[in-house]
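Sequence order for the protein chains is A and B.
Using our numbering, the letters of the first sequence map in sequence onto residues 1 to 498.
Using our numbering, the letters of the second sequence map in sequence onto residues 499 to 557.
Hints are computed from structural coordinates only; laboratory data are not their basis.
A couple of the hints might just be wrong.
Stated by the list, open to error - Here are the simulated lysine to aspartate or glutamate pairs, EDC-like style, with alpha carbons at most 16 Å apart:
| no. | chain 1 | residue 1 | chain 2 | residue 2 |
| --- | --- | --- | --- | --- |
| 1 | A | K423 | B | E549 |
| 2 | A | K423 | B | D546 |
| 3 | A | K77 | A | E121 |
| 4 | A | K384 | A | D219 |
| 5 | A | K82 | A | E121 |
| 6 | B | K501 | A | E462 |
| 7 | A | K106 | A | E199 |
| 8 | A | K269 | A | D306 |
| 9 | B | K501 | A | E288 |
| 10 | A | K249 | A | D305 |
| 11 | B | K501 | A | D460 |
| 12 | A | K398 | B | D546 |
| 13 | B | K501 | B | E521 |
| 14 | A | K279 | A | E260 |
| 15 | B | K501 | A | E128 |
| 16 | A | K423 | B | E539 |
| 17 | A | K82 | A | D54 |
| 18 | A | K379 | A | E121 |
| 19 | A | K176 | A | E365 |
| 20 | A | K398 | A | E420 |
| 21 | A | K139 | A | E128 |
| 22 | A | K249 | A | E199 |
| 23 | B | K501 | A | D54 |
| 24 | A | K269 | B | E539 |
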Amino acid sequence: MRGVENALGITIPDNARIIRNLIAGIQYVQDHVIHFYHLHALDWVDIVSALQADPAGTAKLAQSISDWPNSSVSYFKGVHAKLKGFVDAGQLGPFSNAYWGHPAYKLPPEANLMAVAHYLEALEWQREVIKIHAILGAKNPHAQTYLVGGMSIPVDPNSQNALNAGSIATMSALAKQAHDFVAKVYIPDLLAVASFYKEWAGYGGGVGNFLSYGEFPNDNISNTDNLWLPRGIILNKDLSTVHPVDQAKVSEYVTHSWYEYPGGDGKSKHPWDGVTDHKYTGPNPPYEWLNTDGKYSWLKAPRYDDQAMEVGPLARMLVAYASGHERVQAVVNLVLQKLGVGPAALFSTLGRVAARGVETLLTAEMLPVWLGDLAANMKRGDLKIHDGEMWEPSNWPKTAQGYGWHEAPRGALGHWIKIENRKIANYQCVVPGTWNGSPRDGNGQRGPYEQALLDTPVADPEQPVEILRTVHSFDPCMACAVHVVDSKRRKITRVRVL
Amino acid sequence: MAKIAIDPVTRIEGHLRIEAQVEGGRVVDAWSASTMFRGIERILLGRDPREAWAFTQRI
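Only chain A is shown next, with the shape it has when bound in the complex (with noise of 0.2 Å):
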């Protein structure tokens, strides 16, 4: 949208910029949720060991971190009872394939107990407020109020057919859900857990680059200073200067990926001149091994000024921290505090962990403020939500060029166009998946997690979840999804050793 929008010069009304925030905003919250508890915890959390703990134990844990109304003895004694229900049935359903009984689990089963109740609530929640989602981009996931020059959904208080005041009450209700559950529990879970973990404050802390292309813009988005979470790049872990972002700067290698370029392979290109030839060379499956030293990726390998980048939470809090949000400050400050560590910790596994919880706490706490702006806007009678005016080919200029930047709930997400005659001439999609989970460059450095499990501890290579914690810390998102294969199959990791 916003690559198309700046190629043709394109301003979007108010009302669509809050609702694209808002739409953005509970993507956050909702994802991050199910990072922690869905796609997470259980590297950090033994579910077989929550069968040993004392319901009254696990009580006396929760009710003593917050004030959460789901923590009495019986509560617990419930989802006890239904946890065991699924393992003596042998049906343990999403906790089957991990890797129970490993000596780097270190939780007491009583707060195995807490976080499973947690991951089960977390369920129910998710599905409820999304639906903020759902009332401003039509459904979810993959919203379908969005058009070029601003947003299809109309908003007229007066209409039971647009967005009226009834649904800013909804959807009022449902961010305060939402704050609630983030700040009840995921918060207080996220620090008992990680104070059981703290040598994970010395793993992975990968490249030490950190972009943000900054988000939720306050006013019109071409005023990049006047974002929420700012726009920035830290280098080399320096938290004492955050350099601007020359797009210009973003480009991408294929010397160890499944493509070529014409005129050759050493080289990276800027994505207007990006090419997306595949070419794959790797061995026909089944195999044992890629060949690592050549080609061995889907993935492209995106570099800013020919350096790997971080990106995703982490990257987002470090570059608002560094830039004096006072906001990112305090609630980062307090997480350190709790902890008992300094800055510096947040270059690490954990801090990839901690960072996500705090930016979906804050990004919660936005959300009746972005909500309070629709609101006010439509009271003084402002319902406009799109800008027709750049709507028709025929107003185009013959050729055109532009770049869209977001940060998706995972991180970077950059979007470059060519347009001739009115169609697309090249569009390159350099997304947070391709940043984080980048191999090799035309200059042998490693990308972010590769980068970041060197020097990761394994005490048992057949059971290697150390790697599967620090992996998982950046939330990936292989961007493969274009949904035309069974994604949703289940699968059993396979674990090889040689």
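With chain A held as given, fit chain B onto it using these hints.
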């Protein structure tokens, strides 16, 4: 010394393979590989720019 392959890494979105070299209980080298082609960029060539978002949001 052990070489490990985790493929696929589960509890993520998409398809990821990690190879790692382990020595003395520590990872000494690692490789991250996506095992599926995306191709959205090729799908978009020649299309109306106004519909690009509907394709790219499904990445």
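Looking back at the numbered hints, which does the structure fail to meet, lowest number first? 15, 18, 22 and 23
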